[in-house]
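Enquirer: Listed here are the chains, written in short residue letters.
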Amino acid sequence: MVLKILYFASLRETLGQGSEQLDLPPGVTDVASLRCFLAARGDQWQALATVRNLRCAVNQEMVRFDSPIRAGDEVAFFPPVTGG
Amino acid sequence: MVRVQAADFDPGAELAALRLGKSQIGALASFVGLVRELNDGAGVSELTLEHYPGMTEKALEEIIAEARRRWTLIEVLLIHRVGRLLPTDQIVLVAVASAHRGEAFAACEFIMDYLKTRAPFWKREVTAAGARWVEARLADEQAAERWRD
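Just so you know, the sequences run in chain order C and U.
Counting from 1, one number per residue, gives the positions in the first sequence under my numbering.
Counting from 1001, one number per residue, gives the positions in the second sequence under my numbering.
Any given hint could be a false lead.
[Said to hold, decoys possible] Quick partial rundown of chain C residues pointing at chain U, CB under 10 Å, derived from the structure:
#1 Ser10
#2 Glu61
#3 Met62
[Claimed, not checked] Not close to chain U: a few residues of chain C, all C-beta gaps over 12 Å, as computed:
#4 Glu13
#5 Asn59
#6 Gln60
#7 Val81
Since the hints were made in silico from the structure, they are not lab data.
These figures come from a predicted structure and were not determined experimentally.
Every residue gets a Cβ at the ideal spot worked out from N, C-alpha and C, and that includes glycine.
My request is simple: use the sequences and hints to build the entire structure.
Expert: Below you can see the structure in the form of structure tokens.
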């Protein structure tokens, strides 16, 4: 299952990249398992597991971590927003 | 109407255009957010606004749609800037036109409260101690919570 994943703001800086395209193994079915899969790559990626108040969007809508993901989805991880 | 742009805006011209020829408008409330030179006790020399292109516009449109479900509004305009800004620069304009002031005041505040917690913008500021990402404030979360039905 191929997904596009985006990272923003402080998280983007910590990870050293703003986006990636990944082919995921069958066990990754929701945002929470995607987060675990990404963090398990080690080094800077562990930040995804430890960062406080991580937010997530699927196909440009804010969702909870138990939301399902499907092939072709655009998933974004980011810190709490600070606009306005 | 939603606009996300790097360019500055002229609130007077925007308000005039918003109400032009609409004689049913009896109230026009607006809010302008500015870059402060002091944040969390440190002098800010510049501010950069990052956003999530695509989602930003959708999130702002959804906030306006929610405001229109709650109040009877004639016109709504929301302009938010992105990119590098300096102290005293304008960041955001919200303008709401309605028949009476109650709807306009309430919807304007609601839109700003929801924008602060739901629209994907992030501020990075430069101070004498270096650059830092602005932390989300609990007060903003609490302000948005007030509008929960």
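Enquirer: Give a verdict on every hint.
Expert: Now for the hints, and whether the structure bears them out:
no. : hint  : verdict
1   : Ser10 : holds, 4 Å
2   : Glu61 : holds, 7 Å
3   : Met62 : holds, 7 Å
4   : Glu13 : violated, 8 Å
5   : Asn59 : violated, 9 Å
6   : Gln60 : violated, 4 Å
7   : Val81 : violated, 6 Å
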